[in-house]
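Kindly generate the complete structure, drawing on both the sequences and the hints.
If you're matching them up, the sequences are chains V and U in order. The opening position of the first sequence corresponds to residue 1 in the working numbering, with each subsequent residue numbered one higher. The opening position of the second sequence corresponds to residue 1001 in the working numbering, with each subsequent residue numbered one higher.
Do not take every clue at face value.
Calculated cross-link-like contacts (lysine-lysine; reagent style DSS-like; alpha-carbon spacing at most 30 Å) [said to hold, decoys possible]:
(1) K108/V x K1148/U
(2) K89/V x K1148/U
(3) K148/V x K1063/U
(4) K27/V x K1046/U
(5) K1089/U x K58/V
(6) K1108/U x K58/V
(7) K58/V x K108/V
(8) K1148/U x K63/V
(9) K46/V x K1063/U
(10) K108/V x K1063/U
(11) K1108/U x K153/V
(12) K1046/U x K1153/U
(13) K148/V x K1089/U
(14) K27/V x K1025/U
(15) K108/V x K1153/U
(16) K1027/U x K46/V
(17) K58/V x K1107/U
(18) K63/V x K1153/U
In case anyone wonders, no lab produced these hints; they're calculated from the structure.
There are 2 protein chains.
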Amino acid sequence: MEAETAEQPVRAEAEAQLQEIQMLKDKLEAAENRYLRLQADFDNFKRRTRLDQEAGEKYRAQKLVTDLLPVLDNFGRALEIEADNEQTKSVLQGMDMVYRSLIDALKKEGVEPIEAVGKEFDPHQHHAVMQGDDAAYGSNIVIEEFQKGYLLKDRVIRPSMVKVNQ
Amino acid sequence: MEAETAEQPVRAEAEAQLQEIQMLKDKLEAAENRYLRLQADFDNFKRRTRLDQEAGEKYRAQKLVTDLLPVLDNFGRALEIEADNEQTKSVLQGMDMVYRSLIDALKKEGVEPIEAVGKEFDPHQHHAVMQGDDAAYGSNIVIEEFQKGYLLKDRVIRPSMVKVNQ
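The following block contains the structure:
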């Protein structure tokens, strides 16, 4: 018992050390878990950022393209006039070249007209404003287009306004 | 000495525990520093991403705008014809409206023509292709514009081609 009494403070110290070791191990584990969670957050953020950037890049011109569609519509209509003299004919030819260069510039950015007449009606691309009954076409086929629709890459910027066969 | 001998293994254990405590403290400090570094990296990445997105957003339409400038040039030139009859006059009026709506759509995106004639020559905005000697203007003043230049917000997309007074 003599020796045991002498060991008493040593044992108490050892006990306290064991507790500190456990506390440090817990803290270390917590710190490592916190690091792993932050690493996972960071990876997620990078991935989302990359996807956002890709989408932003892909559709970057959407606002300008949307604003240009009425210009295209009016330009197309202005070209439909029937020339009754040589000068008007020549002006219209020149303007038609400008019109086509405008369409080409938009095409380079990924803008394409939506195919409509003769195609099966697609509610994602076509907006049906009338129903028709034309024996020459099958059921649910677009038979007339009132306003051209446009895609920017795979995104519908404006649906076509169409007449669909019953 | 009896007691000391009995304490020997306990002391050795305590020593080992102290070493483990020090090792754990070092590891914990290292883990916390690693966390702080990662946190700083993450913050930097977020800040850079936000700046990139702002710049990307600001100049998003640059490519399409660049492709539209020759269309604008040709459109402007095609409108300069002198009508010799009523139909041509009416067609040109209609086309002038289309032209102005094209310029308006570009303006909404932040595209503005660069001011040139009468302004002091600015090598960042003007490209001097000729020198003039016109007593009506001061020195280093733009006295003629051969091709219009354009800004997208604060960025020169195409400088004006000009004649500068000596």
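Here's how the hints hold up against the structure:
Of the pairs offered as hints, the one joining K108/V and K1148/U holds, with about 23 Å between alpha carbons and a cut-off of 30 Å not exceeded. Only pairs whose Cα atoms come within 30 Å are accepted, and K89/V paired with K1148/U is accepted, the gap being roughly 28 Å. Our distance criterion of 30 Å between C-alpha atoms is met by K148/V and K1063/U, whose separation comes to about 24 Å. This hinted pair checks out: K27/V and K1046/U have alpha carbons roughly 28 Å apart, not beyond 30 Å.
The hinted pair formed by K1089/U and K58/V fails the criterion: a straight-line CA distance of about 41 Å is larger than 30 Å. Proximity of K1108/U to K58/V is assessed by CA-CA distance (about 20 Å); at most 30 Å being required, the pair is judged to hold. A hinted pair counts as satisfied when its Cα atoms are at most 30 Å apart, and K58/V with K108/V qualifies at roughly 12 Å. Pair hint K1148/U plus K63/V holds up; C-alpha atoms about 24 Å apart against a cutoff of 30 Å.
Between K46/V and K1063/U, the direct Cα distance comes to roughly 26 Å. Compliance with the 30 Å bound is thereby established for this hinted pair. Between K108/V and K1063/U the alpha-carbon distance is near 9 Å, which keeps this suggested pair within the 30 Å criterion. A threshold of 30 Å between alpha carbons decides the hint, and for K1108/U with K153/V the separation of about 22 Å falls inside it, so the pair holds. At most 30 Å may separate the alpha-carbon atoms for a hinted pair to count; K1046/U and K1153/U meet this at roughly 25 Å.
Between K148/V and K1089/U the alpha-carbon distance is near 28 Å, which keeps this suggested pair within the 30 Å criterion. Under the criterion of a C-alpha separation no larger than 30 Å, the hint pairing K27/V with K1025/U is consistent with the structure, at around 10 Å. Proximity of K108/V to K1153/U is assessed by CA-CA distance (about 22 Å); at most 30 Å being required, the pair is judged to hold. With a C-alpha separation of about 28 Å, the suggested pairing of K1027/U with K46/V holds against the 30 Å cut-off.
A C-alpha spacing of about 22 Å is found between K58/V and K1107/U, which places the hinted pair at or below 30 Å, so the restraint holds. Our distance criterion of 30 Å between C-alpha atoms is met by K63/V and K1153/U, whose separation comes to about 15 Å.
In summary, the one numbered hint that this structure violates is 5.
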